[in-house]
Amino acid sequence: MALDIKINFDEDNNYWLVKPIGEVDIYTSPELKDKISQAVGDKKADIVIDGKELEYLDSTGLGTLIGILKMIKDNNHKIYIRNLRANIRKLFDITELDKVFVIEE
Amino acid sequence: MALDIKINFDEDNNYWLVKPIGEVDIYTSPELKDKISQAVGDKKADIVIDGKELEYLDSTGLGTLIGILKMIKDNNHKIYIRNLRANIRKLFDITELDKVFVIEE
Amino acid sequence: MKSDVFKLTIPSKPDYISVARLTSSCISSKLGLSIDEIEDIKVCLSEACTNALERTDEINITFEVTKDQLIITVDDVLLPENDDEKMEEIHFGILIMKSLMDEVNFSEKGVEMIKYLEDGLHEKEKEL
Amino acid sequence: MKSDVFKLTIPSKPDYISVARLTSSCISSKLGLSIDEIEDIKVCLSEACTNALERTDEINITFEVTKDQLIITVDDVLLPENDDEKMEEIHFGILIMKSLMDEVNFSEKGVEMIKYLEDGLHEKEKEL
Ligand SMILES: Nc1ncnc2c1ncn2[C@@H]1O[C@H](COP(=O)(O)OP(=O)(O)O)[C@@H](O)[C@H]1O
Ligand SMILES: Nc1ncnc2c1ncn2[C@@H]1O[C@H](COP(=O)(O)OP(=O)(O)O)[C@@H](O)[C@H]1O
Chain A
1 MALDIKINFD EDNNYWLVKP IGEVDIYTSP ELKDKISQAV GDKKADIVID GKELEYLDST
61 GLGTLIGILK MIKDNNHKIY IRNLRANIRK LFDITELDKV FVIEE
Chain B
1 MALDIKINFD EDNNYWLVKP IGEVDIYTSP ELKDKISQAV GDKKADIVID GKELEYLDST
61 GLGTLIGILK MIKDNNHKIY IRNLRANIRK LFDITELDKV FVIEE
Chain C
1 MKSDVFKLTI PSKPDYISVA RLTSSCISSK LGLSIDEIED IKVCLSEACT NALERTDEIN
61 ITFEVTKDQL IITVDDVLLP ENDDEKMEEI HFGILIMKSL MDEVNFSEKG VEMIKYLEDG
121 LHEKEKEL
Chain D
1 MKSDVFKLTI PSKPDYISVA RLTSSCISSK LGLSIDEIED IKVCLSEACT NALERTDEIN
61 ITFEVTKDQL IITVDDVLLP ENDDEKMEEI HFGILIMKSL MDEVNFSEKG VEMIKYLEDG
121 LHEKEKEL
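Residue numbers (the numbering used here), protein chains in the order written: chain A, 1 to 105; chain B, 1 to 105; chain C, 1 to 128; chain D, 1 to 128.
Calculated directly from the structure, the hints in this document are not laboratory data.
Keep in mind that a hint or two might mislead.
Stated by the list, open to error - Straight-line distance between alpha carbons at most 27 Å, and here's what the computed DSS-like set of lysine-lysine pairs gives:
no.: 1; chain 1: D; residue 1: K7; chain 2: C; residue 2: K109
no.: 2; chain 1: A; residue 1: K43; chain 2: A; residue 2: K90
no.: 3; chain 1: C; residue 1: K7; chain 2: D; residue 2: K30
no.: 4; chain 1: C; residue 1: K30; chain 2: A; residue 2: K52
no.: 5; chain 1: D; residue 1: K30; chain 2: B; residue 2: K19
no.: 6; chain 1: B; residue 1: K78; chain 2: B; residue 2: K6
no.: 7; chain 1: A; residue 1: K99; chain 2: D; residue 2: K30
no.: 8; chain 1: B; residue 1: K6; chain 2: B; residue 2: K70
no.: 9; chain 1: C; residue 1: K30; chain 2: D; residue 2: K30
no.: 10; chain 1: B; residue 1: K90; chain 2: B; residue 2: K78
no.: 11; chain 1: C; residue 1: K7; chain 2: D; residue 2: K7
no.: 12; chain 1: D; residue 1: K13; chain 2: C; residue 2: K2
no.: 13; chain 1: C; residue 1: K30; chain 2: A; residue 2: K35
no.: 14; chain 1: B; residue 1: K99; chain 2: C; residue 2: K98
no.: 15; chain 1: A; residue 1: K90; chain 2: A; residue 2: K19
no.: 16; chain 1: A; residue 1: K6; chain 2: D; residue 2: K13
no.: 17; chain 1: D; residue 1: K30; chain 2: D; residue 2: K98
no.: 18; chain 1: B; residue 1: K33; chain 2: D; residue 2: K30
no.: 19; chain 1: B; residue 1: K19; chain 2: B; residue 2: K90
no.: 20; chain 1: A; residue 1: K73; chain 2: A; residue 2: K90
no.: 21; chain 1: A; residue 1: K43; chain 2: A; residue 2: K73
no.: 22; chain 1: B; residue 1: K99; chain 2: B; residue 2: K44
no.: 23; chain 1: A; residue 1: K70; chain 2: A; residue 2: K35
no.: 24; chain 1: A; residue 1: K90; chain 2: A; residue 2: K33
no.: 25; chain 1: D; residue 1: K13; chain 2: A; residue 2: K35
no.: 26; chain 1: B; residue 1: K52; chain 2: D; residue 2: K30
no.: 27; chain 1: D; residue 1: K7; chain 2: C; residue 2: K13
no.: 28; chain 1: D; residue 1: K13; chain 2: C; residue 2: K30
no.: 29; chain 1: B; residue 1: K6; chain 2: B; residue 2: K99
no.: 30; chain 1: A; residue 1: K52; chain 2: A; residue 2: K6
no.: 31; chain 1: C; residue 1: K98; chain 2: B; residue 2: K90
no.: 32; chain 1: C; residue 1: K67; chain 2: D; residue 2: K13
no.: 33; chain 1: C; residue 1: K13; chain 2: B; residue 2: K35
no.: 34; chain 1: B; residue 1: K70; chain 2: B; residue 2: K52
no.: 35; chain 1: A; residue 1: K78; chain 2: A; residue 2: K6
no.: 36; chain 1: D; residue 1: K30; chain 2: B; residue 2: K35
no.: 37; chain 1: D; residue 1: K30; chain 2: B; residue 2: K6
no.: 38; chain 1: D; residue 1: K13; chain 2: A; residue 2: K33
no.: 39; chain 1: B; residue 1: K33; chain 2: C; residue 2: K13
Use the sequences and the hints to build the structure in full.
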């Protein structure tokens with residue numbers, strides 16, 4: 001599969017931990033959106049995206065993350081993103097989305 | 001690189017051990033031919049091809065092996081081929097070259 | 001259902017045949033073919049390109065995906081006529097294509113190689 | 001020196017953009033570009049294809065390799081005009097292309113993206 005998504009609720013820290021494994025592009029981003037929407041529909045909370053095994057992301061992935069942020073920001077929840085590869089991290093700088101999401105080094 | 005070739009003379013058993021690593025196609029087979037020709041030019045002996053890390057081979061590789069066999073067969077030397085992947089092994093059966101080379105299971 | 005058509009043109013240089021090979025393996029894996037079938041398609045496409053290489057400046061390849069077939073055409077691929085020694089590799093190439101594909105048709109234009117997709121599609125459906 | 005031209009046409013479906021991406025990365029790696037540069041080219045080509053997707057039945061891509069440039073063209077890629085919310089992703093896509101490629105030119109036909117090859121060629125020469 002081009003994308004595999006692991007989502008678990010971290011009870012200790014009270015956030016959704018999302019691990020996308022593979023490529024997020026126009027073909028796979030709807031699935032990412034669906035899965036996270038469903039999670040935050042069940043329980044509104046912060047979201048931590050672990051980018052360790054995220055091999056590819058483009059504007060459709062960025063748009064997806066913005067869409068998800070809109071679902072949770074009314075409750076002052078945030079999206080934290082960590083372990084991004086340099087090539088993907090760069091896209092957040094280019095689009096200035098490093099100011100919208102909390103990018104952790 | 002698309003192809004890396006390791007050639008060593010096995011003093012104990014008196015043969016050239018050739019390990020092609022990667023892909024043998026029309027682009028890389030001249031290099032394989034050159035390296036083995038040089039070896040058997042230095043010292044005529046049997047040749048053992050270890051196909052363990054041979055990822056791809058096609059008709060140009062088969063032709064190359066035949067060319068090399070011609071260089072050594074006057075001295076009754078042979079080419080032994082071992083550890084072939086099933087997909088490559090199949091090509092020797094199709095072309096009946098399994099009768100020309102000594103394919104070891 | 002309209003079929004999906006991919007077209008690829010590469011410069012006629014030995015170094016670039018691996019580009020065609022990789023593209024063929026990517027398209028084949030999208031169709032849910034097995035690893036063995038993908039390897040077979042890669043080698044057959046390479047054989048066709050290698051055959052065309054000296055006859056043209058650019059190698060034209062099409063991949064047509066219908067409901068139950070993957071049809072690959074490569075222009076400027078010929079059956080060898082005279083039987084000199086240099087023809088041995090070309091014969092091997094054609095033998096490989098004919099053995100590994102379900103149908104191989106030569107024409108004035110080039111070669112058409114067909115792989116039936118039934119098994120592959122079943123596998124993909126099972127996955128879903 | 002004549003330039004090398006690759007042409008790729010894919011059906012206009014989201015699933016197939018990864019085929020174009022992989023082909024671009026294979027061509028780029030043949031030119032001796034660094035892994036970072038290859039990743040940049042992959043994402044820019046994807047952005048162009050994603051942009052073209054809803055405007056055409058087939059996406060036409062060319063890769064032209066000259067002595068010192070890789071010139072990628074994708075037809076049917078447009079700069080967005082009206083600024084509704086759905087345009088956000090398209091804007092990001094264009095921002096990414098303009099930031100990661102050395103030159104980006106829009107025309108009636110589509111987009112032309114250029115990557116300078118000097119460093120890459122040096123690297124390849126060093127290897128030899
Ligand atoms: N509720 C939360 N929502 C979002 N991020 C959090 C939350 N709690 C912690 N984090 C982030 O997760 C990171 C590590 O926290 P934690 O998961 O507790 O440790 P670790 O994963 O290293 O065991 C911190 O950098 C912090 O920013
Ligand atoms: N002189 C030779 N020329 C070619 N093949 C040989 C020669 N000697 C041994 N072999 C082949 O190599 C295989 C293993 O021999 P050897 O290298 O001595 O053992 P191993 O590699 O298992 O330590 C045997 O199957 C044999 O066919």
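Right, here's what the structure says about each hint:
1. D:K7 x C:K109: This hinted pair holds, its Cα atoms lying about 19 Å apart.
2. A:K43 x A:K90: Violated, because 31 Å separates the two Cα atoms, which is more than 27 Å.
3. C:K7 x D:K30: Cα-Cα ~20 Å, so holds.
4. C:K30 x A:K52: Answer holds: K30 of chain C to K52 of chain A is near 25 Å, not above 27 Å.
5. D:K30 x B:K19: holds (23 Å)
6. B:K78 x B:K6: Distance of about 19 Å is within 27 Å: holds.
7. A:K99 x D:K30: Violated. K99 of chain A to K30 of chain D sits at ~37 Å, over the 27 Å cutoff.
8. B:K6 x B:K70: holds (21 Å)
9. C:K30 x D:K30: holds (24 Å)
10. B:K90 x B:K78: With Cα atoms ~20 Å apart, K90 of chain B and K78 of chain B stay inside 27 Å; holds.
11. C:K7 x D:K7: Given that 27 Å is the threshold and the Cα spacing comes to 8 Å, the pair holds.
12. D:K13 x C:K2: Holds, at about 13 Å.
13. C:K30 x A:K35: Holds. K30 of chain C to K35 of chain A sits at ~23 Å (cutoff 27 Å).
14. B:K99 x C:K98: Roughly 20 Å between the alpha carbons, so the hint for K99 of chain B and K98 of chain C holds.
15. A:K90 x A:K19: Between K90 of chain A and K19 of chain A the Cα gap is close to 19 Å, so the pair holds against 27 Å.
16. A:K6 x D:K13: Cα-Cα ~26 Å, so holds.
17. D:K30 x D:K98: Holds. K30 of chain D to K98 of chain D sits at ~23 Å (cutoff 27 Å).
18. B:K33 x D:K30: OK: K33 of chain B and K30 of chain D at ~22 Å, within 27 Å.
19. B:K19 x B:K90: Holds, at about 19 Å.
20. A:K73 x A:K90: holds (24 Å)
21. A:K43 x A:K73: Answer holds: K43 of chain A to K73 of chain A is near 13 Å, not above 27 Å.
22. B:K99 x B:K44: Roughly 22 Å separates the two Cα atoms, so the pair holds.
23. A:K70 x A:K35: Holds. K70 of chain A to K35 of chain A sits at ~15 Å (cutoff 27 Å).
24. A:K90 x A:K33: holds (22 Å)
25. D:K13 x A:K35: Measuring from Cα to Cα gives roughly 22 Å; hence the hint holds.
26. B:K52 x D:K30: Answer holds: K52 of chain B to K30 of chain D is near 25 Å, not above 27 Å.
27. D:K7 x C:K13: With a Cα-Cα distance of about 15 Å, the restraint between K7 of chain D and K13 of chain C holds, given a limit of 27 Å.
28. D:K13 x C:K30: holds (12 Å)
29. B:K6 x B:K99: At roughly 25 Å apart (the allowed maximum being 27 Å), K99 of chain B and K6 of chain B satisfy the hint.
30. A:K52 x A:K6: Holds, because 12 Å separates the two Cα atoms, which is no more than 27 Å.
31. C:K98 x B:K90: holds (13 Å)
32. C:K67 x D:K13: holds (16 Å)
33. C:K13 x B:K35: holds (22 Å)
34. B:K70 x B:K52: Distance of about 24 Å is within 27 Å: holds.
35. A:K78 x A:K6: holds (19 Å)
36. D:K30 x B:K35: holds (23 Å)
37. D:K30 x B:K6: holds (23 Å)
38. D:K13 x A:K33: Cα-Cα ~19 Å, so holds.
39. B:K33 x C:K13: holds (19 Å)
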